[in-house]
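Participant: Now for the letters of each chain:
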Amino acid sequence: MSKTQKKENKKNHHAVLPKTPTGITGLDEITSGGLPLGRPTLVCGDAGCGKTLLSLEFIVRGATEFNEPGVFMAFEEKAAELAANVTSLGFDLEKLQAEKKIKIDHVHIDRTEIEETGEYDLDGLFIRLNYAIDSIGAKRVVLDTLENLFSGLSNQALLRAELRRLFHWLKEKGVTAIITGERGDGKLTRQGLEEYVSDCVILLDHRVINQISTRRLRIVKYRGSVHGTNEYPFLIDEDGISVLPVTSLKLEKPVSSDRVSSGIPSLDKMLDGRGFFKGSSILVSGTAGTGKTSIAAYFASETCRSGKRCIYFAFEESPNQIIRNMQSIGVDLRQYVDKGVLKFFASRPTLHGLEMHLVSMYKLIKQFKPATVILDPITNLITVGSVSEVKSMLIRLIDFLQEEQITVMFTALTLNTIVSEQTDEGVSSLVDAWLLVRDIEYNGERNRGMYIMKSRGMKHSNQVREFVITDKGLDLVEVYLGPDGVLTGSAREAQLLQEQTGEVLRDYAVSRKDREVIRKRKVLEAKISSLQTEFESVEEELNKTYQEEELIKQVAEKTRHEMTHLRREGKG
Amino acid sequence: MTIDKKYELRLYIAGKTAKSVAALHNLKKYCEEHLKGQYKIEVIDLLVQPQLAEGDQIFAIPTLVRKVPEPIRKIIGDLSNEEKVLVGLNIRPA
Chain A
0 MSKTQKKENK
10 KNHHAVLPKT
20 PTGITGLDEI
30 TSGGLPLGRP
40 TLVCGDAGCG
50 KTLLSLEFIV
60 RGATEFNEPG
70 VFMAFEEKAA
80 ELAANVTSLG
90 FDLEKLQAEK
100 KIKIDHVHID
110 RTEIEETGEY
120 DLDGLFIRLN
130 YAIDSIGAKR
140 VVLDTLENLF
150 SGLSNQALLR
160 AELRRLFHWL
170 KEKGVTAIIT
180 GERGDGKLTR
190 QGLEEYVSDC
200 VILLDHRVIN
210 QISTRRLRIV
220 KYRGSVHGTN
230 EYPFLIDEDG
240 ISVLPVTSLK
250 LEKPVSSDRV
260 SSGIPSLDKM
270 LDGRGFFKGS
280 SILVSGTAGT
290 GKTSIAAYFA
300 SETCRSGKRC
310 IYFAFEESPN
320 QIIRNMQSIG
330 VDLRQYVDKG
340 VLKFFASRPT
350 LHGLEMHLVS
360 MYKLIKQFKP
370 ATVILDPITN
380 LITVGSVSEV
390 KSMLIRLIDF
400 LQEEQITVMF
410 TALTLNTIVS
420 EQTDEGVSSL
430 VDAWLLVRDI
440 EYNGERNRGM
450 YIMKSRGMKH
460 SNQVREFVIT
470 DKGLDLVEVY
480 LGPDGVLTGS
490 AREAQLLQEQ
500 TGEVLRDYAV
510 SRKDREVIRK
520 RKVLEAKISS
530 LQTEFESVEE
540 ELNKTYQEEE
550 LIKQVAEKTR
560 HEMTHLRREG
570 KG
Chain B
0 MTIDKKYELR
10 LYIAGKTAKS
20 VAALHNLKKY
30 CEEHLKGQYK
40 IEVIDLLVQP
50 QLAEGDQIFA
60 IPTLVRKVPE
70 PIRKIIGDLS
80 NEEKVLVGLN
90 IRPA
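Chains as they are written, first to last, in numbering that gives the first Met the number 0: chain A, 0 to 571; chain B, 0 to 93.
There could be a bad hint or two in this list.
What the hints assert, rightly or not - Straight line, CA to CA, 27 Å or less: simulated DSSO-like cross-link-like pairs of lysine-lysine:
no., chain 1, residue 1, chain 2, residue 2
1, B, K15, B, K39
2, A, K172, B, K39
3, B, K35, A, K170
Unchecked claim - Footprint (simulated), chain B over chain A, 3 or more residues, beta carbon under 8 Å:
no., region
4, 84 to 90
5, 210 to 222
Said to hold, decoys possible - Far from chain B, some chain A residues (derived; all Cβ distances over 12 Å):
no., residue
6, K170
7, D236
8, R323
9, N324
10, L495
I should point out that these hints are in silico values taken from the structure, not numbers from a laboratory. All of these numbers come straight from a predicted model, not from anything done at the bench. Ideal Cβ placement from N, Cα and C applies to all residues, glycine included.
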């Protein structure tokens, strides 16, 4: 709250209308500081829209957080009833009254008890209020619901004059006041109180659309101050009222280049090897049963493993169901829940309206301060709002989360209906990364293929991976890219087998050829040796003849020589 | 102490305004006429005793409160209409 006060002080320097912080979550933000100081504010709305609670919280917060005592003048409920009504919010009115921090004065007006004759004024009320203010030094006053005077008294003209005097008197007294009024036909209040209270008018609304109720708050006017003009949803829960300023007009969010792992190493590898950007938004979409929740659970588990906190908003399954189911793929979320780093919030989308979901998420996130938020699945929200409403809600959620540097993962179911495809489209333009998990039906079986549709600001794989879920967990397997296109599942396995067979066959063929060659060589070698032998024998034959001739020649020579010799011996 | 009085009336005023004076004057007149001896009037000036306003649920001035007999009845205004006052105080049946 000190922040608000600081902000207010700063404003004061700029000579802007001084304001009183209400202490109501969110209201001070949209009024940029609170209600006009020392002036009356009108809070109007239908029955049951939270006027009394808002004004009572204003008093209680003033007393407990800003040290500003307050007077609550109740025209409708008795003090004891009021106290009982707000004990569930942790407001102890009895104690605060005993400590003289607040004073509750019940003004009982019963027409049956009252007779009017002649002239009168409301000095009694003024005196009572004055006394109550002075007795505790009140800075804040609530008149709830002043219009009850009109039902109790018949002299309307006099009442109006007195009310005008009352508001003057309140301003002079310098108290910051809230006056509540019932909403009338075509007017803000039944009795036209807005004519008297011209500084600040807040309209509360409680609308039921498609059987789902949403409370909304709008600042109709705030003289001399800038303020949010939209309708802001608000929530009444155990901490009182929270208003959510849902649209941040600026796109001036801090950005981080830190990375967070998705918990699936092979997915990180596809994302430039390092995972998602911190504070980015990731959409995981796919048809039923493609493993979106498993991806989300992996991400949650990875966040918790690295010692950070995670909130898991489940709109479809109960926490125990998710924990059990994830155990079957080897993710133990239970340990993180027990450690208090993982929080599950399961609610049916139809529990509240969209805005309510947003407000309650906002609150939980503010409280728990997680590093990662998971919404599983956002598609179910369509049941409580139209496509554009869901989109605007998600824009605001993403805005908020980015401001807080929280990484968010949405899962979305794609159906073959036009509506959901639109959501897909609608959200996809907002998110930073979009993973698409698809069924690939081929050859009598369904397999999961995953690819990254987009991932802003990083290099990412353009390939389709087969997304395999086993007992051990998730993995992304490269698909088989063959001449017949992309193959997955058993077709991929078969193709791989076929390749292996081919290799064996080829090996076999090669070895047979080798043997053939060896054999042929052997045959040739045999032939060569036989020819050699033949050649040798021919050669020998030839040699033999030649030697014979030589021998004959030698013998003939010898014989002739001997003959010659013999002839000489005969003469002599 | 006051049990013997049949009517216990309390008139709330805020200072001596014309309305307050008129109311007190009228009240005394009617009482003397119709309830002589059986009434008691207590006048409370809220400017002096503002803390008493809450107890009797006073918001208009002047207010006449009939404490006894029960039930409590309130008449606001300067009591200028005698008929209404007498009916309001159950002195005269409506």
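Participant: If a hint holds in the structure, say so; if it doesn't, say that too.
Facilitator: Hints, verified against the model:
About 20 Å separates the Cα atoms of K15 of chain B and K39 of chain B, which keeps this hinted pair within 27 Å; it holds. Taking the CA atoms of K172 of chain A and K39 of chain B, the gap is near 37 Å; set against the 27 Å cutoff, the hint is violated. Restraint check: the Cα-Cα separation between K35 of chain B and K170 of chain A comes to about 47 Å, which exceeds 27 Å; the hinted pair is violated. Restraint check on the region 84 to 90 of chain A versus chain B: 0 residues with Cβ-Cβ distances below 8 Å, three needed, restraint violated.
With a cut-off of 8 Å between beta carbons, the region 210 to 222 of chain A has 0 residues touching chain B; three or more are needed, and the interface restraint is violated. Residue-level check passed: K170 of chain A sits 20 Å from the nearest beta carbon of chain B, beyond 12 Å. Look at D236 of chain A: its CB is around 33 Å from the nearest CB on chain B, clear of 12 Å, so calling it non-interface holds up. Annotated as non-interface, R323 of chain A keeps its C-beta farther than 12 Å from every C-beta of chain B; the closest such distance is 61 Å.
Taking the minimum C-beta to C-beta distance to chain B, about 62 Å, the non-interface status of N324 of chain A holds against the 12 Å cut. With a closest Cβ-Cβ approach of about 90 Å to chain B, L495 of chain A is found to remain outside the 12 Å limit, as its non-interface label requires.
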